[in-house]
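Trainee: Read off the chains here:
2 protein chains.
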Amino acid sequence: MSIKVMKFGGTSIGDIRRIEHVTKIISKRIKAGDKKILMVVSAMSGVTNKLVKEYVDIENNIYNPEYDSIISTGEQYSSALISTFLNKNMITSRSLLGWQIPIHTDKSYGKARILNINSTYIKNLFKKYKVLVVSGFQGISEDNRITTLGRGGSDTTAVALSVALGLKNCEIFTDVDGIFTSDPRIVLSAKKIDFITYEEILELASLGSKVLHPRSVELAMKYGIKIHVRSSFNKTEGTIVLKEEKKLEKEVVTGLTSSENEAKITLKGIPDKPGVAATIFGLLAKHKINVDMIVQNITDDGRYASLTFTVPKEDQKKAVNELKISKIKFNKIHADNNICKVSIVGVGMRSNVGVAEKMFETLAKKNINIQVISTSEIKISVLIDLKKKNSALRALHSTYKLDD
Amino acid sequence: MSIKVMKFGGTSIGDIRRIEHVTKIISKRIKAGDKKILMVVSAMSGVTNKLVKEYVDIENNIYNPEYDSIISTGEQYSSALISTFLNKNMITSRSLLGWQIPIHTDKSYGKARILNINSTYIKNLFKKYKVLVVSGFQGISEDNRITTLGRGGSDTTAVALSVALGLKNCEIFTDVDGIFTSDPRIVLSAKKIDFITYEEILELASLGSKVLHPRSVELAMKYGIKIHVRSSFNKTEGTIVLKEEKKLEKEVVTGLTSSENEAKITLKGIPDKPGVAATIFGLLAKHKINVDMIVQNITDDGRYASLTFTVPKEDQKKAVNELKISKIKFNKIHADNNICKVSIVGVGMRSNVGVAEKMFETLAKKNINIQVISTSEIKISVLIDLKKKNSALRALHSTYKLDD
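Line by line, the protein sequences are chains A and B. Numbers 265 to 668, taken from the working numbering, label the letters of the first sequence in order. Numbers 265 to 668, taken from the working numbering, label the letters of the second sequence in order.
Misleading hints may appear alongside valid ones.
Identical chains share a label here; the pair holds if one copy fits it or two copies do between them.
[Said to hold, decoys possible] Here are the simulated DSS-like cross-link-like pairs (lysine-lysine), alpha carbons at most 30 Å apart as the crow flies:
hint	residue 1	residue 2
1	K651	K596
2	K394	K317
3	K288	K314
4	K371	K387
Honestly, the hints are just simulated from the structure, not real lab data.
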């Protein structure tokens, strides 16, 4: 049985006109020879935000099953509505909820992980229907309760279903033409990327880009699912996410991205003894504060060290407070919000030298001071003044010839 | 295990303030000794109307499973929200959807009937929770799909759960003080009824009153469940619906009601032969048009008859049309919309003579012409001019001493 998995995001089904358009896309694909289509749909745009807001007005803790039951109604609504449209257009269809398949998840309500999916039920339904419209983002726990996969989780539903059905491809329809070398609103010359590797997109995603749910990419990477990110608004070819080996031309830098979600904390005058850094980061970990970039300096006389690190903006106050009331010794603590992280990403970095130097050089020429640096095999991130963000992005975009 | 079943309608949980009030009602009942409470909840007021409207704008046929999947989200939302409030108030609680229990129904989507309910699951959950908040109005079909029971179906969910749990009582919380002798907006002296029988309320319901879902009353009658209809807005004692044998004082007339949902059709000059009436009503039945009241006259010479009957207003045009294009012979057809049906209901009629005469006399005194009469053991209905409705209701209310 040849099945195509196509996921449609919230703006692609944002109103009746958009849903009619998606119905046409499906209809054309059937006429072009696609026998069986498994659609995965998000809630209509704005719906989940509204439901979440209504909920958190009452209860802060979203990691409980009542939250999941409420916010899963967005996808329950959209899947049934789209199926109604398809049936009206003589395309046999039915909606499918997470628990109906079922998509088994763990019990981490509000951010559940898929454990397994029964594909037999889906295959049997395809004997009767041309199209199945699955509510994305949701599953069922061993306690027989609805779970949700976290914001953006419908991508993960689509890839997980592709895996369960033994497929090799998954299409993600969205409101942009694909994945770009940088944010087109800031870097006007940003270009759509034709091919990108799983590793690159994971670095881009965790660094602030919002094209694909990171877990969907991890899953696709693990099972070798080729993801095709494309627009439901036009016929542009989109971006294909695949294995590094299959990407023929490897640019040094594939894309660049920025994140404003970091805050910097600096501790000065820490006694330079073994174990001090471990004590500090142990304390923050205990309070569930994620530390990202770290840099440590030692004073000239070698007795004191200073430590600079970044935490999510929303945790900054808490981090400073916990450090102040702890037994950890330091002279001064300083927090800074007016920073941003700019990163370049590319699997080509692995086999190219001088990539970092070129980055630092470019920023120096623009008079942009680098506060902290962190690197991985395929990424270099620098922390800079927030005011310099756009200028840094534009200059780097040009340096790495992403404009061409 | 002592369990109380309490159903809350849409206005009782219409906004956050009302839900907080209901939380207080539950909290007080627990303090007063109720160990386990099974709440059944409707959607918050206005929600189902909104969902239905959005759906029928797209698809006329509401008897299909996509409709059920969409409109059941209203109760999914309210049950989870109420459970959240209870948990915040330290009352251990969880929401329960129709498919989670499960409440098995037939496959009549949009108007499903409950087939059976598994009470084991509920009883097990009560080992862990003080309160379970069941989404009313919904179940699951043998095709693993969500079904809904038709508008007002949450009453039926509540009574069916009482039956499944082997209980003898069921409380229905609403926005009125109970069931009234007549519509208080028309008859200012209308009084709350303390006790009413299942039969009486069924007659009142089918005649236009909207207090309880008729199927919930049928089910309560079959299994002897005492229904207590009461307000969630104040502490008035409400109305108890029970078996005739248990109602000690039997007033001749318990209540009176009116319906504007009828249209009258008159056929004149029908050949007075055996089988003519059967042909006419057979034709209407074939087109699924419900005929309610019927009266037949024969002309003086005995050769022709005239036939008057009522059909639902929305079927009037169709009925007239089908009769006109049929082979049935008649001279004239006449349709009238400006009518209403006024009914008096009471189990006491069984053992009292002169009830009907008193009714006709009262209307005559008010110069109200009776167009058609129909009677059952515990009810007398008359068809009158729509303009005379309020005056008829007020006069009859006084005649049968319902004002006292």
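Trainee: Does each hint hold? Answer for all of them.
Mentor: Now the hints, each set against the structure:
Within a single copy, K651 and K596 get their C-alpha atoms as close as 25 Å, which meets the 30 Å cut-off; across copies the closest is 86 Å, which misses it. In this homomeric assembly, K394 and K317 come within 30 Å of each other (Cα to Cα) only across copies, at 28 Å, whereas the closest approach inside a single copy is 36 Å. Taking the shortest Cα distances, K288 and K314 sit within 30 Å of each other both inside one copy (28 Å) and across copies (27 Å). For the homomeric pair K371 and K387, the shortest alpha-carbon distances inside one copy (27 Å) and between copies (22 Å) are both at most 30 Å.
Of the numbered hints listed earlier, not one is contradicted by the structure.
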